[in-house]
Structure formats: C-alpha cells, structure tokens
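Kindly generate the complete structure, drawing on both the sequences and the hints.
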Amino acid sequence: LIGLWKRRCLTEETRIGLSYVQHGKRAQAQEVFLQAMAKARSGAINKLPKREVVVWEQQWIACAKELNQWQQLSEFAQKVEHFSLLVDCLWKVSDWSTLKECILSRRQVEDTPQ
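Residue 15 in our numbering sits at position 19 of the sequence shown, and the numbers go up by one each step.
Hints were generated in silico from the structure; no laboratory data involved.
Nothing here was measured: the structure is a model prediction, and the numbers come from that model.
Where hints are given, some of them may not hold.
As the list claims (entries may be wrong) - The list that follows gives simulated cross-link-like pairs (lysine to aspartate or glutamate, DMTMM-like), each with its CA atoms no further than 20 angstroms apart:
| hint | residue 1 | residue 2 |
| --- | --- | --- |
| 1 | K21 | E62 |
| 2 | K43 | E53 |
| 3 | K43 | E62 |
| 4 | K35 | E62 |
| 5 | K75 | E27 |
| 6 | K96 | E62 |
| 7 | K96 | E53 |
| 8 | K88 | E77 |
| 9 | K96 | D84 |
| 10 | K35 | E8 |
Next comes the structure, spelled out in structure tokens:
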C-alpha cells in the first residue's frame, strides 16, 4: 500500500512521510504529516486532492498509536469528533469518567427519535 501511495502522491511531504513509516521512523513521519496538514490548512499547498490529506491524517493517527500518544490522540479525536478513536484513546488512558460521559451522550443522541 505504501509503495502505491508513493507513486500516486502529488506532494513531496507524502513521499517523505511514507518513506519514514516504511523504515519504522514513526516520530519523524508523524512530524512530516503534521507539518503537511498545517501547510494544507494555511493554503500553502495548492491543488491538493482530498485523498492525500486523508492519507496524512490516517498516517498521523497510526504513528501516534504506535508511539502511544493516547492523550494527544484523544484531544485530536475530540476536536474532529472521531467517536471510535476517542473511545479507544480514553480506554487507553483510563479516563473512565470521560469515557462514560462520551458513551452516554452518544447513546442519548442515537436514542432520540427523529
């Protein structure tokens, strides 16, 4: 999968980040993907396909998981409203009260008639 993406990607950041991932250098890869996402938000990279930004985000999350950065991941998951990632992170950091609130609030939303 990484080999295919390295051929299909448009930005050098993607190639570099995926190379780091491929060689097990998760911290360096994570930093490259974080900088690339910041450039995309600021508009410094033009004509960027959404699929490449999605790869950056997915790879950044995978790197953070490998590096056991659960607190940082839980903050990210709350910011982007990624429920399954948030639950996983809260479980890993043993934040039981927040996990309970999160699950109960989600359940209430799902049980609300439309």
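Hint check results:
In summary, the hint linking K21 to E62 is supported, as the alpha carbons are separated by about 10 angstroms, within the 20 angstroms threshold. Straight-line distance between C-alpha atoms of K43 and E53 comes to about 18 angstroms, which keeps the hinted pair within the 20 angstroms bound. A distance of roughly 31 angstroms separates the Cα atoms of K43 and E62; the hinted pair therefore is violated under the 20 angstroms criterion. Straight-line distance between C-alpha atoms of K35 and E62 comes to about 24 angstroms, which puts the hinted pair past the 20 angstroms bound.
Pair hint K75 plus E27 holds up; C-alpha atoms about 19 angstroms apart against a cutoff of 20 angstroms. As the CA atoms of K96 and E62 are separated by approximately 25 angstroms, the hinted pair breaks the 20 angstroms bound. Proximity of K96 to E53 is assessed by CA-CA distance (about 26 angstroms); at most 20 angstroms being required, the pair is judged violated. Proximity of K88 to E77 is assessed by CA-CA distance (about 18 angstroms); at most 20 angstroms being required, the pair is judged to hold.
Taken as a hint, the K96 and D84 pair is honoured in the structure, with Cα atoms around 12 angstroms apart against an allowance of 20 angstroms. For the suggested pair K35 and E8, the alpha carbons sit about 12 angstroms apart, so the restraint of at most 20 angstroms is met.
Checked against the numbered hints given earlier, this structure breaks hints 3, 4, 6 and 7; the rest are met.
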